[in-house]
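S.K.: For chain A, the structure is supplied; the task is to place chain B with the ligands on it using the hints.
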Amino acid sequence: MGTRLNVLMHDMVPKHQIMNDEELRTLLTDYNVAMEQLPKIYHDDPIVKAIEALPGTVIRITRKSHTAGEAEAYRLVVRRPKK
Amino acid sequence: MPSPKRIGKLDFGLLSPKDVRKMSVCKVIWPDTYDDDGFPYSKGLMDPSLGVIDPGLRCRTCGQKSGDCPGHFGHIDLAKPVIHVGYTRLIRKLLRVTCRNCGRLLLEPQEIDKFSALEEDPFSTDVVSEKDIKKERVCPHCADQQMKVNFEKPTTFMEVWTEDGRKVEHKLTPADIRARLERVPDDDLRILGIDATVARPEWTILTVLSVPPVTMRPSIILENGQRSEDDLTHKLVDIIRINQRFKENQDAGAPQLIIEDLWELLQYHVTTYMDNEVAGCPPARHRSGRPLKTLSQRLKGKDGRFRGSLSGKRVNFSARTVISPDPNLSVSELGIPLAIANEMSIPVRVTRENIEELRERILVGPERPTMRDPCGANYAIRPDKRRLRLHGGSGPLDNREMVASMLEVGWTVDRQLRDGDIVLFNRQPSLHRMSIMSHRIKLMGDRTFRLNPAVCPPYNADFDGDEMNMHVPQTEEARAEAFLLASVQENILSPRFGGPIIGGIHDHISGIFLLTHETQWFTKKDALYLLKHANIDFLPKPGKVEDGIAYWSNKQVFSQILPRGLNMVYRATSCKNCPECKNDLCERDAFIRIIDGDLIAGTIDKKSVGAFDGAIMNRIIREQGLGRARQYIDDMTKLSIRSIMFIGFSFGIDDEDLSRTEYGQIRDLLDEAEVDVEKRIRIYNDGQLEPMPGRTAEETLEMQIMQVLGKARDKTGDIAGRHLGLGNSAVVMAVSGARGSMLNLTQMAGCIGQQSVRGERIVRGYEGRTLPHFKKYDQGAGAHGFIRNSYKSGISPTEFFFHAIGGREGLVDTAVRTSQSGYLQRRLINALQDLKVAYDGTVRTTGGRIIQFQFGEDGTDPTKSAFGDPVDVKGIVESVLKEEV
Ligand SMILES: [Mg+2]
Ligand SMILES: [Zn+2]
Ligand SMILES: [Zn+2]
Ligand SMILES: [Zn+2]
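So the sequence lines, in the order shown, correspond to chains A and B. The first sequence begins at 1 in our numbering and counts up by one. The second sequence begins at 1 in our numbering and counts up by one.
If we strip away everything but chain A, and leave its shape as in the complex, we get (with noise of 0.2 Å):
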């Protein structure tokens, strides 16, 4: 096996972080959202592997943005469906 891909290492992988409990209260408060009406983000999707997110947790993305400079989104971690 050569070497393999390390997707963090990568200039145009934004940062993800797993967020904790408490910042996840906050996100939720803050927005007055469920945990289900975020944004998903599927368990086997590279980064959230490189991670090492479950399904369940909330990853925070802040990414360079056009307009804003710098954005942050979060996503849920879900199971990918089969098929």
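Wrong hints could be hidden among the right ones.
Claimed, not checked - Pairs of lysine-lysine residues, derived as DSS-like cross-links and limited to a Cα-Cα distance of at most 30 Å, are as follows: (1) K874/B x K40/A; (2) K114/B x K49/A; (3) K131/B x K49/A; (4) K874/B x K64/A; (5) K836/B x K15/A; (6) K131/B x K40/A; (7) K836/B x K64/A; (8) K167/B x K153/B; (9) K40/A x K114/B; (10) K64/A x K864/B; (11) K40/A x K9/B.
Just so you know, the hints here were simulated from the structure itself, not pulled from any lab data. Fair warning: this is a prediction, and the values are worked out from it, not measured in the lab.
M.R.: Same frame as chain A, but now just chain B with the ligands:
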């Protein structure tokens, strides 16, 4: 009215035979509809208990009249079970994942436990799929050897196994399949994602067929008095007929072969009754040869129930006709023909204050004689909603006087349209929100809608026969909304790029260019002629007085329509981006300086007033608002049209003429280029051509030839351009950005140049050559689509042929692009149509799910941004410093 209710839950399941019988009011056994006297057969397909369609009769089941009775289902008992085509994929999957003997899932008990545990996981939507089951193994529960199940479209299932090295196939009858599916236990189904309480798998094999009510398949009576039945009824007749024959044969103990044939025939009819476009199944046809429209065809596709009837709606209070231009209208106005104004109306409630006025409307009646007359009315509506149609003329029908005297407070009068009414105006395809804008109407003669050409860009309209639609809002709220949100002036800025989308086009730009170029002087009479339709009160002090005659400069004239206090410094479209700009002294007069609303220097062209650019419009909107911008657009378009009329502008065939010297130069230049091409071909044929990195020698040669010929064509353009100055109309249009380019002029006066297909010279045709006019393997310019003639000089037959080849590629490209982008647009709109920006700045679906955490990530409205940036810093600094930064 009942209050809206929240839906707690929906179950999607199958109808069980028990359900079908329970909702049935009649067992249908006869394939006939009506007897000779026109009475429906009892227990036939038109049994009176299935609902009523004839007006006046009452339903035998619910006792209501036609229109009120919703219709009632019946049923047919099938002689033998048949497969429902809609579920063949599910049946195939179930046959492959369950045991042929005991019906259990072909998984070890611990694997089943694993999947059952997954189901408890709230984040899992996992179900067992075909891939999880190994093929042709032994059942872990009863040790029975499994077999491969083959499926053949549309409804055939076969078991396959090998015996003595031979493949053996055994057809499964629907009864076999049903028996197998019956054995699958509920708990195993749950792991497959099937809720057995609402959808037992054996219900996908029909033993009893539901017969839809007559209200959804009414028979119609033709002009000759004959009844014509609905396609569904025809299909049901077929089903019952075969079913009957099947039963008789079965009871008589007919041979197996005949039974099988009849069974297949019954399956065919039930299949085509559900879906007449299944693969591998010839569609059932009407006597005339037209394929029948059965259940699935009613729902599917563009004219189906969903896209045709439910999402696509037809509307009242709308009009459609051809459009034509009228530059004398304001951009916010819309000229409409009298015929449309007389036909369409606005409801007005009668009050104490307006009763006399509305009486007069009624007395005018439905036929307003000319557009200068006050508007009439078409209906008077009593408080009990009864509509009284007004009749004019002098005949016995004339009821104007009578209705006018009956009119009371509380009635409603449908008043005809008149000048100033607000309407919505639309051109398809409605690709962005500016495709529907509200205008104030203006009555005009003739039969077309009239609009100011400056609003063509947002509608993407032209006048080559385009038609547009007009809608008349019927309530005060609708009118207010149309005016405040959708009016033309509110839509000058496009949310697409944050700049103005409404502005001058074509002659507006040529006209304003001719007016403002360099310095011209006008007498008072001429200056007033130019500014006649602009909204100004007085002329400024004259720019110069000569021999006691006052003169105003062209820049002064243009400055009259600019708001005071406007400061701008920028470069026009005609700027050549010289390495060192001479600013105010630019010999092209392309450096624009506006100080306090006075044009000091520069030529106004596309960059300043054009739609999509409109630098001045943009600045006026930011500083003085949309209302002033609308005023400016109206003034500017009118001034430019007056200018182009005053100065004069035309283009004719002799505008493409060059002198003898230029023609000589062009001929020499093209000869030289062709010789150069020949030389390069010789080098290539001698094998001396050095290939470019990553290219073959042949590719290199082609690129060189294209380059040489392209350069030659451009040079002919330069020669032509030297001869044709701003005295040439095509040059004025190209330089000002009104229409066309120098390339177009090059092709008209100089040389058309290389024709290409997919960016390469034309090579297709005969063996070794494009046309029989050339020698085989001739690589020269002329043999592969180089046109050395111009459109003016006329092209040779071979050149004409190449030109047609190149031209066709463009046509094909546009045709393909529009259909593809149309479908892309449809999908995007379907996905995005109900999203909205919530009060917290998030973009959400109707279910409150978040799509963006901040609209556009920065929460900025693109129409309030300066070409995408939240603040136009450069513009503000320039405006204050009155200097370019
Ligand atoms: Mg057109
Ligand atoms: Zn009824
Ligand atoms: Zn078994
Ligand atoms: Zn310049």
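S.K.: Please go over all the hints and tell whether each is borne out by the structure.
M.R.: Right, here's what the structure says about each hint:
1. K874/B x K40/A: The hint is violated at about 41 Å.
2. K114/B x K49/A: Status holds; Cα separation ~22 Å.
3. K131/B x K49/A: holds (23 Å)
4. K874/B x K64/A: It holds: about 24 Å lies between the C-alpha atoms, which stays within 30 Å.
5. K836/B x K15/A: holds (28 Å)
6. K131/B x K40/A: Since the Cα atoms of K131/B and K40/A sit roughly 26 Å apart, the hinted pair holds (cutoff 30 Å).
7. K836/B x K64/A: holds (24 Å)
8. K167/B x K153/B: The hint holds at about 20 Å.
9. K40/A x K114/B: Judged against 30 Å, a Cα distance of about 25 Å means the pair holds.
10. K64/A x K864/B: Given pair K64/A, K864/B holds - Cα atoms ~22 Å apart, limit 30 Å.
11. K40/A x K9/B: holds (23 Å)
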